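Chemist: Sequence:
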Amino acid sequence: MIRNFAVLLLLLGLAGIFIHLMQGYIPATELNQSAHYYAAHSAEDLGAANIVTAIIVTYRGLDTLGEVTVLFLAATIIGMVLANGHKAQRSLQRQLPPSGELLTTASRLLTPLILLFGAYVFVNGHLTPGGGFQGGAILASAALLLLLTDPLKRFSHRLIAVVESLSGLLFIAIGVLGMVLAGGFLDSRILPTGAFGTLFSAGSIPLIYSLIGLKVGAEFTSMLNNLAETEKS
Numbered sequence: 001m002i003r004n005f006a007v008l009l010l011l012l013g014l015a016g017i018f019i020h021l022m023q024g025y026i027p028a029t030e031l032n033q034s035a036h037y038y039a040a041h042s043a044e045d046l047g048a049a050n051i052v053t054a055i056i057v058t059y060r061g062l063d064t065l066g067e068v069t070v071l072f073l074a075a076t077i078i079g080m081v082l083a084n085g086h087k088a089q090r091s092l093q094r095q096l097p098p099s100g101e102l103l104t105t106a107s108r109l110l111t112p113l114i115l116l117f118g119a120y121v122f123v124n125g126h127l128t129p130g131g132g133f134q135g136g137a138i139l140a141s142a143a144l145l146l147l148l149t150d151p152l153k154r155f156s157h158r159l160i161a162v163v164e165s166l167s168g169l170l171f172i173a174i175g176v177l178g179m180v181l182a183g184g185f186l187d188s189r190i191l192p193t194g195a196f197g198t199l200f201s202a203g204s205i206p207l208i209y210s211l212i213g214l215k216v217g218a219e220f221t222s223m224l225n226n227l228a229e230t231e232k233s
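If you use our numbering, the sequence shown closes out at 233, no skipped numbers anywhere.
None of these hints come from the bench; they were simulated from the model. Among the hints, erroneous ones may be present.
To be verified - Beta-carbon label-pair distances, calculated as ranges: (1) L148 <-> E67: 23 to 31 Å; (2) E67 <-> L199: 19 to 27 Å; (3) G66 <-> R158: 23 to 31 Å; (4) E30 <-> L102: 53 to 61 Å; (5) A161 <-> H20: 45 to 53 Å; (6) L116 <-> V176: 29 to 37 Å; (7) V52 <-> H157: 32 to 40 Å; (8) L113 <-> S156: 20 to 28 Å; (9) V81 <-> M22: 38 to 46 Å; (10) E44 <-> L159: 35 to 43 Å; (11) E44 <-> D150: 47 to 55 Å; (12) A74 <-> S156: 18 to 26 Å.
Computed from a predicted model, the values in this text were never measured in an experiment. Note that beta-carbon positions come from the ideal geometry of N, C-alpha and C, so glycine has one too.
Please put together the full structure from these sequences, using the hints given.
Modeler: Structural data, given as structure tokens:
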């Protein structure tokens, strides 16, 4: 009874806060100074057709680094918490029924296409909607499909760790090069901006997004792999 009353008070308090915020909300009629600069100068400064990409990767590069770090910590913590389940996995007998032929054939056909589409999304993140995080999630969905097809399938932890670590180190290295050769951390102008709207443009943004895509894909795959191993233990 006391717990339910406390929950009710909490909900009422949150409702009061949101009502107060809604009453004082005034929609913006024009862009603020930072947003106006981004909209007016992103294409000229960085050569990126996708303004959102220019903001995330370059102007707010430290935020992107923080997001990648949080995802890495989440994958690491999941691996540590579920480590005990991996030992029990070794004694598991293959008692599960085999996957259907339709699912097996479909996964063999779709997995390469999913991987190709994920790579397309993060390589073209400076031109079209998408980018490293979205492309990495698509790559991990291919791993999920393989795990659904064969619940006992396992991916190499060492390979995942190498891809995740190498892409992360290169990501940091490019960021530091931006400080040395250009205007700041992750400044994409360490490489030529190229012709606007083409694949090889926007400086190092395509390379940065490719590294983010590989890192995010490896981290999501690691989490899926750990969860699958524990689930079957």
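Chemist: Are the hints correct? Go through all of them and say.
Modeler: Here's how the hints hold up against the structure:
no.	hint	result
1	L148 <-> E67: 23 to 31 Å	holds (28 Å)
2	E67 <-> L199: 19 to 27 Å	holds (25 Å)
3	G66 <-> R158: 23 to 31 Å	holds (27 Å)
4	E30 <-> L102: 53 to 61 Å	holds (55 Å)
5	A161 <-> H20: 45 to 53 Å	holds (48 Å)
6	L116 <-> V176: 29 to 37 Å	holds (31 Å)
7	V52 <-> H157: 32 to 40 Å	holds (34 Å)
8	L113 <-> S156: 20 to 28 Å	holds (22 Å)
9	V81 <-> M22: 38 to 46 Å	holds (39 Å)
10	E44 <-> L159: 35 to 43 Å	holds (41 Å)
11	E44 <-> D150: 47 to 55 Å	holds (50 Å)
12	A74 <-> S156: 18 to 26 Å	holds (21 Å)
Comparing the model with each numbered hint stated earlier shows that all of them hold.
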